[in-house]
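Student: Okay, here's what each chain looks like letter by letter:
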Amino acid sequence: MTDAPLLPLFILLTSLGIAPLLFALPERSAGLRTAINLGAAGLKVALVAWLSWKVSQGVIYDLRFTVLPGLELKLQADPLAILFIALSAVLWFITTVYSVGYLEKGPHRARFFGFFSLCVGATVGIALAGNLFTFLIFYELLTLATYPLVIHRGTAEALRAGRIYLIYTLGGGLVLLLGTLGLWVLAGSTDFVPGGILSDVAVAAPLAAQLLFLVLIAGLGVKAALVPFHAWLPIAMVAPAPVSALLHAVAVVKAGAFGIMRVVYEVYGIETAQALGLTAPLAAIAAVTILYGSLRALSQDDIKRRLAWSTVSQVSYITLGVALASPIAAIGALAHLIHQGLMKITMFMAAGNLAEGLGVKKVSQMNGVGRAMPGTMAAFTLAALAMIGLPPLAGFVSKWYLATGGLEAGQGWVIALLLGSSLLNAGYFLPMLHRAWFVEPGAAAPDGLAHRRIGWMLAAPPLATAALVLIAGGLANAPFSPLEWTRFIVALEYPQAAFDDLPEAF
Amino acid sequence: MTELPTIDWPTAVVFAPLAGAILAFAWPRRAAALGLASVLVTAGAVAALALQVLAEGAVLTRLGNWGAPLGIDLRADGLSTVLLAMTVGVGAFVSLGALDSYAPARADDRTRRYFWPLWLLLLTGLNGAFLSTDVFNLYVMLEVIALAAVGLTVLGGGRAAVRAGLDYMYASILGALLFLMGVGFVYLELGRLDFAGLIAAEPAPALTAALALMIAGLLLKTALFPLHFWLPGAHANATAPASALLSGLVVKVSLYVFLRLTQYMPLPDELLVTLIGALGAGAILWGGIQALRAERLKLLVAWSTVVQIGLIFVAFARAGQVGLAESWKAVALLILAHAVAKAGMFLAAGRIKDEVGHDRIADLDRSPIRPTLAQFTFALAAISLIGLPPSLGFAGKWVLMEGAMAAGYWHWVGVTMIGTLFSVAYFSRVLASFLRFDRMRSPVAEHQGWALADAAPLILALSALGLGLAAAPILAFMEIGYPFGATP
Amino acid sequence: MVEPLLLFDALLGLAIAALAVAVLTVHDRFAMIVLFIVFGLMSALAWVRLSAPDVALAEAAIGTGLTGALLLTTLHHIRAAPAAPVPVPGGVVVANLGLCALIFGGLAFAFLLTPLQAPGLAPAVAQNMAASGVGHPVTAVLLNFRAYDTLMEVVVLLAAIVAVWMVERGTVQAPAPVLGEIYRGFSRLALPAIVVIGSYLLWVGAQAPGGAFQGGAVLAAVGLLLLLGRLYRPQPAHRPFARAGFVLGTAVFAGVALLVAGGGRLPFEYPAAHAKTLILLIEGMVTISIAVTLAALFHGREPEAVPVSEKSE
Amino acid sequence: MTSGLIFGLTGIAVFAIGLFGALVMVEPLRRVLALKLCSVGAGFLLVVGAWREPPEAPDPVPHALVITGIVVMISATAVALALIRRLHMLERDTDD
Amino acid sequence: MLLDLLALALIAVGAFFFVAGTIGLLRFPDTLCRLHALTKADGLGLGLTCLGVALLAGTAGEVVRIVLIWFFVATSSAVCGHLIARHVRRAANAGGR
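Chains as they are written, first to last, in this note's numbering: chain A, 1 to 506; chain B, 1001 to 1488; chain C, 2001 to 2313; chain D, 3001 to 3096; chain E, 4001 to 4097.
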């Protein structure tokens, strides 16, 4: 017995519960709104910490609510859920601080923060979902909650982006609904169970199982921005910076990637998926996405657009790690879920600061920004280097595990892929760093880089996440580091892989 | 158990609104107060009836103690009771909304005074129809509903409303007369009119004719494509609370009767089931296209009713003839979902029109007035109508698709998904204009147009969303008394 | 003796069908209504042949007489409108003709295959007549066995007058033609006679063909005569009385139906000792309501305090 | 050949004629009349359903139903006619 | 038996006048002429028919009723004829002006 069996529900409510409050709050009560936001975010971090500790002690949380005959809403806190929920809790807190600073005088703040917390609530729901049905519900909620954020500026461009976003994600949601129904009809359950629930069906009706996989991955691949479902992501970057940060680092794309993980590990089971020959095509798609995203990023001048294409590429590392079907690669994938989030959110917040403080929105305007905003650019630099995979930063850790896993699985091409991708990463990040630090501000810069002061609420968050990037990489083997936790998970998902046999990080 | 049975609740459910109608008409100055009070009393009666049904199973009242087939019985089983609760629940909130819509500042004295008797007569007819077990009695109830509904349609009094009302009237009378002709054939063959007689009946040519006539009449009344021609005009041109009642409740009655009859008198051929589903698919496509082209908000909402009715008929046909025994559940859930969400949506649309001053979709984003809460309500209702989780619309769609998939009827799954895409497309037209801010001249004031009047539509929209989580108990309740079992 | 009557029936049937066609095809709208009235009377005659005198009475009085009056007064109002606004495309006509012919064929087929020997509810009615409180089976069905239907029918009538008053609010009707002295003299003669006939029909309904609806319709004719001859002009001040008249039947009917319940009895279950009295009470009140309502439906708009320029002639 | 048969077919024919009129006619009054024809047709069918060969008394229940139907129909007709009058007035006013 | 035959004869003659009146209604050129044919012939036809039916009646009560019917129908058709003629004259005046 646990002392607080409803703990997962409380965590969900810290975000969902305050949303109506935030909607109803008058526009000018900024102080109260900030207090509610930060209070809830802080509370959630605390609750998640408590939950993580409980789960690591082997406590099982399982909440069910019957919606339709036989069909339950199910919240369960397993280690995989904890991984994602911890990421969202920490980053929500930081992003909230950043958003308060970013939107200080903007319009519609009540609406913004209302949907913002709904969005995070949906993410928590996705993390805690104990079956595909519950997952689907929160997946759709996430779509609906992010749409008003994407079009927050209310311009024609934002609305166009919003429409594309909506078409893609609701379309994806619909496909996922189809997949969920299919799963329900085929297996009579949609539960997430380590080892999967489809082993019998895979024997009886392999073709149906394969088709179902295709449908599910297509539905999830939209949010995970797998090629060819990726087009919405670069367009959706018209959203305000904190929204982009959240979308790219925690909420939307991660929901897709996380869903793919759940489907491969806990709906099919890695062995069944392999037996059905499903992992190799998935890996191929991921590989294509990785290269394609990086290539497209090279030619973008808009900073946020370049970052967005980079996200397309980076998120697929996670899918790749899952699809390689090796425990070590799985560790890499799971770690990358966290690491990519930390890195990308740093970069988006930094990009937002550049736009706010200096009016710089394009790579070609970045000349000399390092001297104008050293703190922000330091954080950006750190995150960029980590992305490229410089040891001992976070990105290196995940890439290392992926490569090792690839070798272990007998897939040597992964090494080449990772090398190539890293080179491309360097190809689009290094010029930015070069301009920022080593080129004199020229005539191209708007306002001659007249420095508008940005408050601490904008300046501090990227530094904090950059620090986390450093810690996650440097202290990868410390207890309770993301990497340690991922080993715990992989031990559950790969029963045959002995925990102790897993190699150390270095 | 409390001492409930001293009052016969099915009778009370019909007579309470009737008494209200009489009082509200005879005493126009107090129409609103009397009307509201009687709606609340009716709600109480329905609640008591629901408790009784929950405790004892289906409740049967043999009016005059003659018993069918000589007399007329009222019967409240789970399905009837759920629909009664839907009617009175939606009705209560629409009544609240009407207090604002017909407030002295917005509507003339006469509109306000006539709304209540007409609405209460409508409620009498609706409740009576849901409790009826006799086909001729159903005909009379359908006429009560039709006359009151036409009255509500033309309540605004404009030329478009009167013309639409007249079209509605023609369609409504014709539908009722087709039904009456069917009743004639039933009597010709069976010599009785009660449901029990229908269930026990052997197939016969006269019964086939009766079924065909009755179904044709009901489809006309329920506005299934291509018999929907009267609906968009009538629902779009009525005043908002009237539209909410018409779209939310009135079309549901003929659907309900259709459901009952097709259970008691099975369709003779699989082809017919497919045909009805195909008409539903046609409604989804045609209604979707028209909704995409609609220039006015209320017209768009009215076309969405055409689409939703189509979806309900697809749910009916989802698993073919053999699946009918289960398909009614999907139909009932969708009926419920549409009633609650569409009533909320029409009220919200009315609020938007009241605040902005017009309901031209293309110009909504030019207005500096943004009735935020009404727009939010509209969006919530749209979520349920689109069928996104966790709304009631989603639950209904899930049951629909689940059944279709299990039976291998993939075409219905496809139609449902296309319908969903359509509804996303036409509702997002509206939502985008709510959220666009770069086309207006003056700045938006903060929290504009929040009013207590938004409470009624908001609660309806939230219910449509939240009731999805209660779909399992609702389904369980609906099965009380085995609505379509061997014993009626 | 049977054969000639069957021939008569066949001719009557043909005439009825032909009249129906004529109603739809005759060009002049006045002639259309007159033909419809003839059609209605012929149908009533046919129903007499089918041993349904109650129905024939109701059809002649309400379905034909009052409906005809309603149609004529409406025609008087809209006489300025073009007779046939838009011609319907020939293809549509032919398609619908085909459809209706098909429907006729199908229904006739089903009808011919059905033996007309179903026992129906006649035995059940006969068995329970003694308990019904009245001697005439049709009245027993209307006011006792299926009283609920009849109550709802009165509700329909109530809904109609509410809707008509609502629709025509604030309108000024075209002045009706002045009918002159001879008409007035006639109506003075006819009015009391009609009242007597209406009351007789109501009273006799308990035992023989007749009853509340037929009686009410005849009494409504009193209202029509008064209105046409301007012997009575509705005033705004009369509205409360009119409303009371409209709801009287429904209220008493529903009230009695509910009040008899209790003490183990169900709604509409009249105590055997008082059944006849209660039914007569209901019938009387319903007759008043029907008469007032039908006359008001004929008059149309609610009398309002708008300046009506009727003094001009 | 019986009276019931003859008038049953008459009723069905009248119903079909009325249905045709209701579908095709554009003139408001004529549409109302067409609907009225339908109701008479339905009345015929019910009265025929009640009819028995003369020595036997007819079934009173359908008679009661038809009387109800007649009253319901005049109610509906009155509302339709009121709408027609109102529409005519509104259209005349806007045409001026 | 003789009474029956007489009654039938009266009714037949009455019917003949009705038919004649109807032919007049259909064949005569203008409203006043039609009215003339109709009111005269129908009045006679009605009287004869009523007489015939009265001969067949079984009780005195029925006879009284038939007489009442004759009286009212005759009166009302006379009034109707008057009203129609009056309307025609007014319409003619209105047209002539």
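Among the clues, some could well be false.
Stretch-level coverage of chain B by chain A, calculated; a stretch enters the list once three of its residues show a Cβ under 8 angstroms from a Cβ in chain A [said to hold, decoys possible]: (1) 1116 to 1127; (2) 1399 to 1406; (3) 1420 to 1426.
Keep in mind that the hints were calculated from the coordinates and are not lab data.
Backbone N, C-alpha and C define an ideal beta-carbon position, used for all residues, glycine too.
Student: Is the listed coverage of the region 1116 to 1127 of chain B by chain A valid when you require three or more residues with a beta carbon under 8 angstroms from a beta carbon of that chain?
Tutor: Violated: only 0 residues of the region 1116 to 1127 of chain B have a Cβ under 8 angstroms from chain A.
Student: Count the residues of the region 1420 to 1426 of chain B whose Cβ falls closer than 8 angstroms to any Cβ of chain A, and tell me whether that reaches three.
Tutor: It holds, with 3 qualifying residues against the three required.
Student: If you count the residues of the region 1399 to 1406 of chain B with a beta-carbon closer than 8 angstroms to a beta-carbon of chain A, do you get 3 or more?
Tutor: holds (count 5)
In summary, the structure is inconsistent with hint 1 from the numbered list given earlier, while agreeing with all the others.
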